[in-house]
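Visitor: Chain by chain, the residues:
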Amino acid sequence: MTSIDLVLGEFIDAWKAGQRPVVDEYLERVPAAERDELAEQLLSWLSIAPTPAYDEATRRQITADPAVRAAVQALESVSAPLPERVTALRIRAGLAIADVARGVATAFGLGGQEARTAGYLEQLEHDELDASRISRRLCNALAKIFGADPDLLAPPPAWSLGAARPAQALFRADETPDAGIAEDLHVLSQAAMAPAPEPMDELDRLFLGGPDG
Amino acid sequence: MCECQAVSAASDPPLVRNHEGEYLRRFLVARAAGDRDGMHVWWEMLLVDNVDRVRGMVGAEARGRLSADEQQEAVQRALIKLARNMVLTFKGSSMGEWVKATRTLVHGVCIDVQRDAERVSRRERSLDAGWNSGDEDNPGRYDAAIAKDAVEHQRLDDERAAEEDEFELGRDFLDWALPQLSPRLRAVMELDRQNLPVEEMQQRLGVSRDVIYAARSRALKDLARLMEEYPS
Chain C
-18 MTSIDLVLGE
-8 FIDAWKAGQR
2 PVVDEYLERV
12 PAAERDELAE
22 QLLSWLSIAP
32 TPAYDEATRR
42 QITADPAVRA
52 AVQALESVSA
62 PLPERVTALR
72 IRAGLAIADV
82 ARGVATAFGL
92 GGQEARTAGY
102 LEQLEHDELD
112 ASRISRRLCN
122 ALAKIFGADP
132 DLLAPPPAWS
142 LGAARPAQAL
152 FRADETPDAG
162 IAEDLHVLSQ
172 AAMAPAPEPM
182 DELDRLFLGG
192 PDG
Chain R
33 MCECQAVSAA
43 SDPPLVRNHE
53 GEYLRRFLVA
63 RAAGDRDGMH
73 VWWEMLLVDN
83 VDRVRGMVGA
93 EARGRLSADE
103 QQEAVQRALI
113 KLARNMVLTF
123 KGSSMGEWVK
133 ATRTLVHGVC
143 IDVQRDAERV
153 SRRERSLDAG
163 WNSGDEDNPG
173 RYDAAIAKDA
183 VEHQRLDDER
193 AAEEDEFELG
203 RDFLDWALPQ
213 LSPRLRAVME
223 LDRQNLPVEE
233 MQQRLGVSRD
243 VIYAARSRAL
253 KDLARLMEEY
263 PS
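As they're listed, the protein sequences go chains C and R. Take the first sequence: its letter number 120 is residue 101 in the working numbering, and every next letter is one higher. If you count the second sequence from 1, you need to add 32 to reach the working numbering.
Okay, chain R solo, but in the shape it has when bound:
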């Protein structure tokens, strides 16, 4: 038997080197006090710490559907929205909620960038098709602009409502989900969340690197399934 089962939450060092949690806590304190400078400082720290997470999420969401330039555009838009919108709309209190909200935001931005790219491509194709053919499927330039504006407003309203629903989640997902994993998978995830190098994990758990890799993969699948079941 491997030593995985000896790794319990009670005997572990604290989960995650949680400097972002501290940034978020300080941001929330500054916000409660109406301290704009403090809010700005701590939100900026959170933003900088999570640039690679946003970039990675964009890459994983894109999956070859966005070009390198479009991915860069999506990263830029996501970071601006994080800075400009989420600083105002975030209602959660944990990093789990923050990251989940970020993932929702990145997903929406990737869809937007893809749609914009398709629109540009359609516009390029339609340059020689005239300004206004007058039929419903191919509206004139002003009709199209008005329709686009209305759709965009509706989408932004829906997005904001969806984000607000997400932020109502009261608990951190991992506090709920990790105890539901098997002891072996949980042990691997907990050591991963402490940023331990794989060599040290091998020593602690008494297993090979391949076993750790397979356990990670299985644990992430289980967590993805649990995320869908997560009670709101």
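So that you can see chain C by itself, here it is in the shape it has in the complex:
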């Protein structure tokens, strides 16, 4: 049996007993020339090792670790809906909505439109806008203003938007469709004569134009 076999064996025994062995301490026990090989062996073990059944005191110790607490906070920020994330990051950055509006207006060359921008931001934070229509450019700019990682404001993946709705059922008409069709044609003709909405400007596209807007 080699010294690597012995040290590796003792590391695995300590791991399984829930003693939380520290890799560096075991690497130091073999000659420098053998450390790479032992490190590879330890990586192989850690890639398949079962997690020990930690007791309550150990779990408390793990969860009190500042590194773990920071990771849990990061997880909380990701799983929240976009409006909550924006509000949380803005407050964390110590900014008022007006400050953020100024930052957005500056970032996109929209001088003079700070008030409209602030209005949109308020709607966003109050969940009055469709979050899936917020542009990626705006999310990146907000992240920069908040001094946060852009991933924190990335749009949620499709699976996080809830279960897919069932397809709409289609029914065959039981009676003569004449009256219904006439009514539809009337509505369509009214719509065709109505004036077209104003085209979106740059600010509208940021808040309403979709991820590529």
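Hints may contain errors.
[As the list claims (entries may be wrong)] Now the stretches of chain R that chain C is said to cover, found in silico as 3 or more residues with beta-carbon under 8 Å:
1. 55 to 61
2. 72 to 85
3. 107 to 119
4. 238 to 246
5. 252 to 258
[Unchecked claim] The calculated lysine to aspartate or glutamate pairs, modelled on EDC-like cross-linking and capped at a C-alpha distance of 20 Å, are:
6. R:Lys253 / R:Asp207
7. R:Lys123 / R:Asp67
8. R:Lys253 / C:Asp193
9. R:Lys253 / C:Glu(-9)
10. R:Lys253 / C:Glu21
11. R:Lys253 / C:Glu18
12. R:Lys253 / C:Asp165
13. R:Lys253 / R:Asp204
14. R:Lys123 / C:Glu21
15. C:Lys125 / C:Asp80
16. R:Lys123 / R:Asp69
17. R:Lys123 / R:Asp204
18. R:Lys123 / R:Asp207
19. C:Lys125 / C:Glu95
20. C:Lys125 / C:Glu109
21. R:Lys253 / C:Asp17
22. C:Lys125 / C:Glu106
23. R:Lys253 / R:Asp242
24. R:Lys123 / R:Glu52
25. R:Lys123 / R:Glu54
26. R:Lys253 / C:Glu95
27. C:Lys125 / C:Glu18
28. C:Lys125 / C:Glu65
[Unchecked claim] One-sided and incomplete, this derived list gives chain R residues near chain C with beta-carbon spacing under 10 Å:
29. Val90
30. Ala92
31. Ala100
32. Glu102
33. Gln104
34. Met127
35. Leu206
36. Asp224
37. Asn227
38. Pro229
Read the hints as simulated data drawn from the structure, not as lab findings. We put the CB at the ideal spot given by N, CA and C, even for glycine.
Assemble the complex: chain C is given as a structure, and chain R must be docked to it using the hints.
Guide: Using the frame of chain C, we list chain R on its own:
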């Protein structure tokens, strides 16, 4: 002959006290239902259960190339990425895939931390070298910042693509690899994965501790080789 060969997969108690597998399963169920709170709870359980694994992987990857502070930084970054990125990008369905993705992530983080440390060290050296020497090998501060940003974006894209490739693996590596080990090595690995103390393994297998240690070492080498051959 030792009793190793009498230890077969069919007669064994279930492999691994698999509470993490249960956490992962519940996470996947919550994700399918769009249940954010459930996802959060079960991913956090997975994270806490695997802190020591991440720390150990960082230590083994570092191998003296990172200082204690840099290792701590790498552990922190890896845990944050696990919490913030992998919760969104993980496409696998087994703990084997989860751990493999974690190992890829830790490897990338250790490289990043080492590069950052080198960059800081270069910056400290270059404080008296002026802001902009104007040549290509020593670009100005803004050129360097722009180049760094582009490289970083490319790296993140590559990393994400690589992770996605990893997650496409459909089966758990060990289901595939363990049957390929010799019966003696397989027996030792299976008992190890059940978290049995070495004394109990000695009793069950009828061998000394030294034999178990040597078999572990050999089995892990074989598994490392098989991991490279693992079909994707």
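Visitor: Give a verdict on every hint.
Guide: Verification of the hints:
Residue count for the stretch 55 to 61 of chain R with a Cβ under 8 Å from a Cβ of chain C: 0. That is fewer than the three needed, and the coverage hint is violated. Taking a C-beta to C-beta cut-off of 8 Å, the stretch 72 to 85 of chain R contributes 10 residues in contact with chain C, enough for the three needed, and the coverage statement holds. Under the rule that three or more residues need a Cβ within less than 8 Å of chain C, the assignment of the stretch 107 to 119 of chain R holds, with 9 such residues. With 5 residues carrying a beta carbon less than 8 Å from a beta carbon of chain C, the stretch 238 to 246 of chain R meets the three-residue requirement, and the given coverage holds.
Given a C-beta distance limit of less than 8 Å, the hint that chain C covers the stretch 252 to 258 of chain R holds, as 4 residues qualify and 3 suffice. Of the pairs offered as hints, the one joining Lys253 of chain R and Asp207 of chain R holds, with about 17 Å between alpha carbons and a cut-off of 20 Å not exceeded. As the CA atoms of Lys123 of chain R and Asp67 of chain R are separated by approximately 17 Å, the hinted pair is consistent with the 20 Å bound. A hinted pair counts as satisfied when its Cα atoms are at most 20 Å apart, and Lys253 of chain R with Asp193 of chain C does not qualify at roughly 49 Å.
With a CA separation close to 17 Å, the supplied pair Lys253 of chain R and Glu(-9) of chain C stays within the 20 Å bound. Restraint check for Lys253 of chain R and Glu21 of chain C: satisfied, since their Cα atoms lie roughly 9 Å apart, inside the 20 Å limit. With a C-alpha separation of about 10 Å, the suggested pair Lys253 of chain R and Glu18 of chain C falls inside the 20 Å cut-off, and the hint holds. This hinted pair does not check out: Lys253 of chain R and Asp165 of chain C have alpha carbons roughly 73 Å apart, beyond 20 Å.
About 18 Å separates the Cα atoms of Lys253 of chain R and Asp204 of chain R, which keeps this hinted pair within 20 Å; it holds. Proposed proximity of Lys123 of chain R and Glu21 of chain C is contradicted: the alpha carbons are some 26 Å apart, above 20 Å. Under the criterion of a C-alpha separation no larger than 20 Å, the hint pairing Lys125 of chain C with Asp80 of chain C is consistent with the structure, at around 13 Å. Distance hint between Lys123 of chain R and Asp69 of chain R is fulfilled; the C-alpha atoms sit about 19 Å from each other, no more than 20 Å.
For the hint pairing Lys123 of chain R with Asp204 of chain R, the CA-to-CA distance comes to about 13 Å; that is within 20 Å, so the pair holds. Proximity of Lys123 of chain R to Asp207 of chain R is assessed by CA-CA distance (about 19 Å); at most 20 Å being required, the pair is judged to hold. At most 20 Å may separate the alpha-carbon atoms for a hinted pair to count; Lys125 of chain C and Glu95 of chain C meet this at roughly 18 Å. For the suggested pair Lys125 of chain C and Glu109 of chain C, the alpha carbons sit about 23 Å apart, so the restraint of at most 20 Å is broken.
For the proposed pair Lys253 of chain R and Asp17 of chain C, the alpha carbon gap of about 13 Å is at most 20 Å, so the pair holds. The hinted pair formed by Lys125 of chain C and Glu106 of chain C meets the criterion: a straight-line CA distance of about 17 Å does not exceed 20 Å. About 17 Å separates the Cα atoms of Lys253 of chain R and Asp242 of chain R, which keeps this hinted pair within 20 Å; it holds. With a C-alpha separation of about 16 Å, the suggested pairing of Lys123 of chain R with Glu52 of chain R holds against the 20 Å cut-off.
For a cut-off of 20 Å, the pair hint linking Lys123 of chain R to Glu54 of chain R stands: about 16 Å separates their Cα positions. Note on Lys253 of chain R and Glu95 of chain C: the hinted pairing is violated, with a Cα-Cα distance of about 63 Å set against a maximum of 20 Å. This hinted pair does not check out: Lys125 of chain C and Glu18 of chain C have alpha carbons roughly 43 Å apart, beyond 20 Å. Simply put, Lys125 of chain C and Glu65 of chain C have alpha-carbon atoms about 17 Å apart, close enough for the 20 Å limit, and the pair holds.
Hint on Val90 of chain R holds. Least Cβ distance to chain C is approximately 8 Å, under the 10 Å limit. Contact between Ala92 of chain R and chain C, as hinted, is supported at the beta carbon level, the nearest pair being about 4 Å apart and thus within 10 Å. Evaluation of the Ala100 of chain R hint against chain C yields a held restraint, the C-beta minimum of about 8 Å falling below 10 Å. With 10 Å as the threshold, the beta carbon of Glu102 of chain R stays out of range of chain C, its nearest partner Cβ sitting at about 12 Å, so the hint is violated.
Below 10 Å, beta-carbon pairs count as interface contacts, and Gln104 of chain R has one with chain C at about 7 Å; its hint therefore holds. Because the closest C-beta pair between Met127 of chain R and chain C is about 9 Å apart, less than 10 Å, the hint holds. With a least beta-carbon distance of about 6 Å to chain C, the hint placing Leu206 of chain R at the interface is held under the 10 Å criterion. Restraint check, Asp224 of chain R versus chain C: the minimum CB separation of about 6 Å is within 10 Å; hint holds.
Among the interface hints, the one on Asn227 of chain R holds; its C-beta lies about 5 Å from the nearest C-beta in chain C, closer than the 10 Å criterion. For the restraint placing Pro229 of chain R at the interface with chain C, the shortest Cβ-Cβ distance is roughly 7 Å, inside the 10 Å limit, so the hint holds.
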